Amino acid sequence: MNKFYIFLISIFVLSCKQKAKPVDVESQLRKTMSEFLYKTVNNDSSKVKFEIQGLIYFRDPEFYECEFKVKMKQANHDTTDIMKARIAKDFSKVVRMS
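Numbering (the working numbering), first residue to last: 1336 to 1433.
Read the hints as simulated data drawn from the structure, not as lab findings. For clarity, every value in this text was computed on a predicted model and none was experimentally measured. Check each hint, because a few of them may be wrong.
Cross-link-like lysine-lysine pairs, in silico, PhoX-like; alpha carbons within 25 Å at most [to be verified]: (1) LYS1419 / LYS1408; (2) LYS1338 / LYS1366; (3) LYS1408 / LYS1366; (4) LYS1424 / LYS1382; (5) LYS1384 / LYS1406.
Label pairs and their computed distance ranges (CB to CB) [stated by the list, open to error]: (6) ASP1416 / SER1345: 19 to 29 Å; (7) LYS1406 / LEU1343: 45 to 55 Å; (8) ILE1346 / LYS1424: 48 to 58 Å; (9) GLU1361 / GLU1397: 50 to 60 Å; (10) SER1362 / ASP1395: 12 to 22 Å; (11) ILE1391 / ASP1425: 37 to 47 Å; (12) TYR1340 / ARG1431: 11 to 21 Å; (13) GLN1363 / LYS1384: 49 to 59 Å.
In this text, a Cβ means the ideal position worked out from N, Cα and C, and glycines have one as well.
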């Protein structure tokens, strides 16, 4: 009987999956979007630099609906704007919204 309880407790402990903390999700979303933006300029940060200043996101069953406040710096000017994107739950795909 004792072995049965130990078996049940071990199954319970091993089956519990730890969820990602909100801070971890936010930092991963920032990293994914930053990589996406630099990929659009062939990873050439000498032409343009991106700084993500703010992030608001909503978790959907299949993706994260995100709104980024991004500062873009170029040699002769800089600008700040809002960019919207959908990022897959596994952070593998980014789809820009208008």
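Now the hints, each set against the structure:
no. : hint                          : in the structure
1   : LYS1419 / LYS1408             : holds (19 Å)
2   : LYS1338 / LYS1366             : violated (46 Å)
3   : LYS1408 / LYS1366             : holds (18 Å)
4   : LYS1424 / LYS1382             : violated (31 Å)
5   : LYS1384 / LYS1406             : holds (8 Å)
6   : ASP1416 / SER1345: 19 to 29 Å : violated (52 Å)
7   : LYS1406 / LEU1343: 45 to 55 Å : holds (54 Å)
8   : ILE1346 / LYS1424: 48 to 58 Å : violated (27 Å)
9   : GLU1361 / GLU1397: 50 to 60 Å : violated (19 Å)
10  : SER1362 / ASP1395: 12 to 22 Å : holds (19 Å)
11  : ILE1391 / ASP1425: 37 to 47 Å : violated (21 Å)
12  : TYR1340 / ARG1431: 11 to 21 Å : violated (53 Å)
13  : GLN1363 / LYS1384: 49 to 59 Å : violated (21 Å)
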